[in-house]
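Enquirer: Kindly produce the complete structure, drawing on both the sequences and the hints.
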Amino acid sequence: MAEKVLMKGNEAFAEAVIRGGVRFYFGYPITPQSEIPEFMSRELPKRGGKFLQAESELGAVNMAYGCGAAGGNAFISSSSPGIALMQEGMSFLCSAEVPLTILNASRGGPGIGSIQPGQADYFQVTRGGGNGDYRIPVFAPASIQEAIDILYDAPALADEWRNPVMILVDGLMGQMMEPVVLPEPKTPVTSADIPKLKPWAISGSEKGQRSVVKSLRLQPEVLEQHVEKLFEKYNRMEQELQKVECDSIEDAEVVFVAFGTMARLAREAMEILQSQGIKAGLIRPISLWPFPYYAFDALTDKTKVVISTELSMGQMIQDVQLGVKGRFPVKLIHRTGGMLPTSIEIVDKTKKILEEVR
Amino acid sequence: MATNKLFFAGSGGQGVLTMGQMVTYAAMYADMNATWLPSYGPEMRGGTANCTVVISTDKPVSCPLIYEADNVVVMNLPSLVKFESLVKPGGNLFINSTLIDQKATRDDINVYYVDAGGIALKLGNARTANVVMLGAVVEVSKVVPVEMIYKIMEKTFSGRKAHLLDINKQAFHAWKPE
Amino acid sequence: MKPVFEYTKGMTDAITSYCPGCTHGVAHRLIMETLDEMGLLGKAIGVAPIGCSVVAHQFMNVDMCESAHGRSPAIASGIRRVHPDKVVFTYQGDGDLASIGMGEIMHAAARGEKFSTFFINNCIYGMTGGQMAPTTLIGQRSTTSVDGRTREQAGMPLKMCEILSTLDGPSYIERVALDSPAHIRAAKKAVRKAIEYQLAGKGFTFVEFLSICPTNWGLTPPKAMEWLRENMIPYYPLGVYKDEEAQDNGDK
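Chains as they are written, first to last, in the working numbering: chain L, 1 to 358; chain X, 1 to 178; chain V, 1 to 252.
It is worth saying that the hints were derived from the structure and are not from the lab. Only a predicted model underlies this, so the values are computations on that prediction, with no experimental measurement involved. Be careful, since some hints might not be right.
With a Cα cut of at most 30 angstroms, we get these calculated DSBU-like pairs of lysine-lysine [claimed, not checked]: (1) L/Lys186 - L/Lys4; (2) V/Lys159 - V/Lys223; (3) V/Lys43 - V/Lys193; (4) L/Lys196 - L/Lys50; (5) X/Lys59 - L/Lys304; (6) L/Lys8 - X/Lys82; (7) X/Lys88 - L/Lys349; (8) L/Lys351 - L/Lys279; (9) L/Lys4 - X/Lys82; (10) L/Lys304 - L/Lys279; (11) X/Lys169 - L/Lys349; (12) X/Lys59 - L/Lys279; (13) X/Lys59 - L/Lys302; (14) L/Lys279 - L/Lys243.
Which bits of chain L does chain X cover? Going by a derived footprint, with three or more residues having C-beta under 8 angstroms, they are [said to hold, decoys possible]: (15) 70-76; (16) 172-182; (17) 265-276.
Some chain L residues close to chain V (C-beta under 7 angstroms, calculated; not the full set) [as the list claims (entries may be wrong)]: (18) Ser56; (19) Met63; (20) Tyr65; (21) Phe92; (22) Val213.
Built from N, CA and C at the ideal position, the CB exists for glycine as well.
Expert: The following block contains the structure:
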């Protein structure tokens with residue numbers, strides 16, 4: 001196994017996608033992820049890649065669309081308000097089936113909000129802020145190592161599905177350092193490989209066929225067929241891309257559901273409750289879309305309540321309710337605006353909820 | 001020790017973030033699990049700095065955020081006022097007595113007054129004050145093996161900085177419990 | 001028998017969907033014929049805009065992608081990063097380029113991006129049905145300026161060649177018109193020069209085509225050509241606004 005290194009989240013994220021084969025980065029500075037474009041501007045030219053600071057997030061996502069349409073492995077990163085601006089591009093990317101790896105370091109909102117960790121982008125990233133019927137797989141790692149592993153695989157995953165893939169983190173993870181093991185760098189795709197590997201990409205018709213990357217379909221019957229074809233793909237994604245970690249849920253009286261940074265707080269709260277003799281468990285969705293609804297089927301009659309713990313006013317809770325299917329009461333423990341609860345705060349609130357439901 | 005939570009606070013330039021990072025590196029070299037989390041945001045530019053280190057010997061660190069700490073280091077007075085309450089009962093509070101002339105108010109914790117700046121000055125390099133303090137923390141808490149602190153020092157103070165290795169090792173052992 | 005004329009392979013066999021008398025077809029053919037003559041059809045990658053020419057890829061017989069409204073210069077910048085040895089161009093209308101896409105075109109031009117932009121200026125939004133464009137002339141009627149554009153209400157029309165020529169990034173900028181055989185021949189020369197400069201790695205090149213929109217102007221094609229000559233050319237003078245090579249020569 002490779003040697004462990006201590007890495008700051010933002011730099012680890014950037015290093016991981018480069019090792020995963022990304023050679024093109026387009027971005028616009030926004031806190032709390034600006035270390036990613038900084039890192040990319042230093043590192044990509046050294047590794048045969050290209051860095052371009054865009055004039056805006058609109059510019060960045062469209063540069064990435066052009067790059068992906070041309071067959072390049074592109075990466076863009078931003079934070080909540082910047083991701084909102086990029087949503088136009090995401091809808092186009094999905095319709096035109098252009099691969100792209102996107103990182104969202106989400107922060108407190110709405111509006112310009114705060115720069116502290118937030119999860120109020122849940123709807124934005126899982127329901128799509130762009131127009132039309134489309135889906136983007138979203139993964140929410142809870143540690144730097146998990147983020148590295150997901151980001152390392154993301155470019156290949158985006159290529160395989162010909163669809164954007166998003167990784168959702170926050171500024172806390174971006175600033176945090178943890179010992180990690182970096183995977184071996186993959187051999188990047190060169191421009192000369194593209195006509196063979198991605199015949200659909202616009203690389204010049206001298207490759208033997210003319211390629212057109214498009215999303216306009218003015219005849220409704222043609223567009224309907226196209227969207228149905230996309231949804232066959234999304235349906236397969238729902239089967240194949242669900243990721244979840246479950247901890248101590250079999251006999252749990254109370255089950256937390258949490259992702260990302262909040263999952264780490266919820267895990268500690270679970271451990272504190274367990275040490276006090278209260279049976280607590282944790283369902284940690286790693287894929288937010290497709291949401292791992294099936295995980296809730298494993299809950300037994302011993303469960304009294306399921307608690308969605310979120311850094312928002314309660315957005316994931318809607319998916320939790322769909323997963324629970326009315327079998328148990330679903331409650332919410334949350335902070336928002338960039339505020340974080342302590343694990344003790346979660347423990348205290350959980351005890352109050354348990355008193356109510358028992 | 002399964003989990004040990006450390007908190008380092010002071011003002012910018014006092015080497016507060018570095019202290020935390022050195023402990024984290026040492027923990028990693030000792031095959032422990034660890035997280036290092038700095039305060040971030042506008043206050044980073046406002047002159048105060050702090051970081052949280054969580055070390056776990058038996059499993060991945062559950063949570064990098066803390067509500068109480070086993071070991072708290074305060075390098076200036078505002079940090080003492082703000083973070084004395086963070087020490088868990090029976091935990092350790094390390095006060096940089098060079099800059100802080102006040103005493104701790106709690107009696108349910110162990111308090112160590114470390115003249116970090118004075119000791120560093122006597123050694124001939126005032127900039128090693130944070131290493132003097134780190135030595136006190138490691139000596140008292142035994143949170144990481146001393147050899148692993150050496151290892152990170154040897155990596156940090158190499159090449160053009162190699163001449164700083166000895167003084168840093170001296171500083172690390174300079175504080176002795178009374 | 002020796003053919004005296006062959007239709008360019010740069011255009012597909014598809015019948016264009018543009019209105020009768022529209023000059024999009026002329027502009028399309030000038031660009032594709034030039035690429036064909038230069039032997040570049042297999043190496044060309046184009047970006048179609050939002051507007052009537054969103055379907056340009058149905059007619060231009062090269063690799064192409066569609067763009068979100070105004071974003072073509074950003075997309076072309078991305079394509080360029082992947083394929084530095086290809087010929088990349090955007091084809092954009094006045095609403096696309098001079099209104100919603102102003103940020104993208106300005107920054108691509110300022111960066112000296114090595115692609116060519118062909119800008120169709122017909123002083124109106126065509127596809128959406130004749131609304132006021134950033135290039136609509138003072139006094140010109142549109143569906144959002146029914147009594148004619150006024151300076152007080154909508155400000156002055158934008159002159160893109162003049163604006164872009166203030167930047168250091170572009171290497172070649174010319175405004176041409178598609179109203180007469182002589183002007184069309186001159187336009188083709190401008191297209192060729194833009195592509196030659198791109199191939200030579202000189203930096204961003206830009207050709208503005210003064211064009212007509214008989215449908216939305218409410219004029220017959222011949223009347224529209226007259227209107228272009230009488231109203232557009234005086235406000236949007238034809239000519240070369242920037243030529244790096246000429247400047248280099250001048251310096252020497």
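Enquirer: Which of the listed hints are broken here?
Expert: The structure conflicts with hints 9, 11, 15, although it agrees with all the remaining ones.
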